[in-house]
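**Student:** In case you want the letters, here they are:
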Amino acid sequence: MRYSEEFRDRALVQELSRQLGNLAPAPATIMEVCGTHTMSVARFGLKMLLPPGVRLISGPGCPVCVTSQQDLDSFLTLGEHPGVVLTTFGDMVRVPGSRNSLDRQRAAGTDVRIVYSPFDAVDLAQKEPGKHFVFFGVGFETTMPATALAIQTAAAAKLKNFSVFSVHKTMPAALNTLLSSSELQVSGLLLPGHVSAIVGAASYDFIPQKFNIPGAVTGFEPLDILLGIEAILIQLRNGHIHVANTYKRAVSATANPKAQRVLQEVFNSSDAEWRGLGVIPESGVSIQPGYADFDARLRFAEILKNVPPPQKTPCRCGEILRGILPPPDCPLFGTTCTPSQPFGPCMVSSEGACAAAYRFG
Amino acid sequence: MCLAIPMKIINIEGTIATAEVDGVTRQARLDLIPEAGIGDFVLIHAGLAISRLDPEDAAATLALLREMADAIQ
Chain A
-14 MRYSEEFRDR ALVQELSRQL GNLAPAPATI MEVCGTHTMS VARFGLKMLL
36 PPGVRLISGP GCPVCVTSQQ DLDSFLTLGE HPGVVLTTFG DMVRVPGSRN
86 SLDRQRAAGT DVRIVYSPFD AVDLAQKEPG KHFVFFGVGF ETTMPATALA
136 IQTAAAAKLK NFSVFSVHKT MPAALNTLLS SSELQVSGLL LPGHVSAIVG
186 AASYDFIPQK FNIPGAVTGF EPLDILLGIE AILIQLRNGH IHVANTYKRA
236 VSATANPKAQ RVLQEVFNSS DAEWRGLGVI PESGVSIQPG YADFDARLRF
286 AEILKNVPPP QKTPCRCGEI LRGILPPPDC PLFGTTCTPS QPFGPCMVSS
336 EGACAAAYRF G
Chain B
68 MCLAIPMKII NIEGTIATAE VDGVTRQARL DLIPEAGIGD FVLIHAGLAI
118 SRLDPEDAAA TLALLREMAD AIQ
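Chain order of the listed sequences is A and B.
In this text, residue positions in the first sequence follow the numbering used here: the first is -14, and each later residue adds one.
In this text, residue positions in the second sequence follow the numbering used here: the first is 68, and each later residue adds one.
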């Protein structure tokens, strides 16, 4: 068992796809909430395996895409400060801010380092004590424990030259806002498997209870995704609406207790601004006062308060993230906005709905 | 960005595991799943192991799919 190829078995994929045809008497619109699902669906051509009438739309689960322009502009501004090194995951470097992107700013002389994990940023800070390393804390619950542990590692090492600019966001709060809006009509949700490994499948019980919409916690291989869709179609057919867990090899009903503890030690729940969704109460995190020395928002408060408000652009990423505009319907799509010259984050990130639609159709 | 890769733990030193897949090795912290041991497959995301993969659940999912396919043929 290698937990990957087995779940790509062509014969089983074809058989499951045939089964779906028997389960889908009526049209259904299913949102894949997670950007990694968007990428898998596109990469494996799974839309072609769905029965007629069953449609997949992308949701707000691409962390790069939902990072607000104001937050990106603020992080970029920190890089103009002498002695500051910006550290970030690679996905973020080409996203255009109002005036610049990380890669353009790097070309203009800012020290920008791409890291694979927040622990790498802490290592850099230890090796180069003369500079201050700010880590761009992007990501959902999957990524938050790594950032929290990195802050604790830096605190234990008594580092004075490491901080985090947190734009971390929490998924259940965003789903609640999205589903509360009348503009989105979905029949079911494929729920993010790796967020769920941290928060537990039961975190989404409010979705069937409050909105009467079926959900399926879903893995990322082709069979996983088809199993998630099958679980939703079965619920639509028999009317027993709940959250199915079709990714049990990685996800349990309850949260990972170690992750919950470290998140509570380092972070407080706070409001967060999402691109396309606006400010959602309690959908982000701030750093606990006990770790204030590692909070870039406090440490550089004087610089950050002078960041001008973001400039408006014709990018319609916001509507795409809310699932109400298909990427090809944006006037910029494929013309002025392409993966090589992206206008907005949904085209930059490989997980963005626009990039997936452009590359895989 | 929530991509996490299944990798096999081949060594553990303190809370740091070395994990391998297809000849690629990575280091990952085991703080969230200290019960993981050498030989286990774990999901690794941003330098952190976020879940230990359960062989029985994985086998059960695949067995169910195969039964379904066999029943039809």
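Incorrect hints may appear among the rest.
[Claimed, not checked] Some but not every residue of chain A turned toward chain B, in silico, with C-beta under 8 Å:
#1 GLU(-10)
#2 LEU5
#3 ASN7
#4 THR21
[To be verified] Computed footprint of chain A on chain B, listed as stretches where at least three residues anywhere in the stretch have a Cβ under 8 Å from a Cβ of chain A:
#5 89 to 101
#6 106 to 113
#7 124 to 135
Simulated from the structure, these hints should not be mistaken for laboratory data.
In this text, a Cβ means the ideal position worked out from N, Cα and C, and glycines have one as well.
**Student:** All hints are to be evaluated individually against the structure, with a verdict given for each.
**Tutor:** Evaluation of the provided hints:
1. The beta carbon of GLU(-10)/A is not positioned within 8 Å of any beta carbon in chain B (closest approach about 10 Å), and the interface hint is therefore violated.
2. Taking 8 Å as the C-beta contact cut-off toward chain B, the hint placing LEU5/A at the interface is violated, the least distance being around 12 Å.
3. The restraint placing ASN7/A at the interface with chain B is violated, with a minimum CB-CB distance near 10 Å, outside the 8 Å limit.
4. At its closest, the beta carbon of THR21/A sits 5 Å from a beta carbon of chain B; the interface hint therefore holds under the 8 Å criterion.
5. Taking a C-beta to C-beta cut-off of 8 Å, the segment 89 to 101 of chain B contributes 5 residues in contact with chain A, enough for the three needed, and the coverage statement holds.
6. Coverage of the segment 106 to 113 of chain B by chain A holds. Counting CB-CB distances below 8 Å, 4 residues qualify, and the rule asks for three or more.
7. Counting residues of the segment 124 to 135 of chain B whose CB falls under 8 Å from any CB of chain A gives 9; the rule of at least 3 is met.
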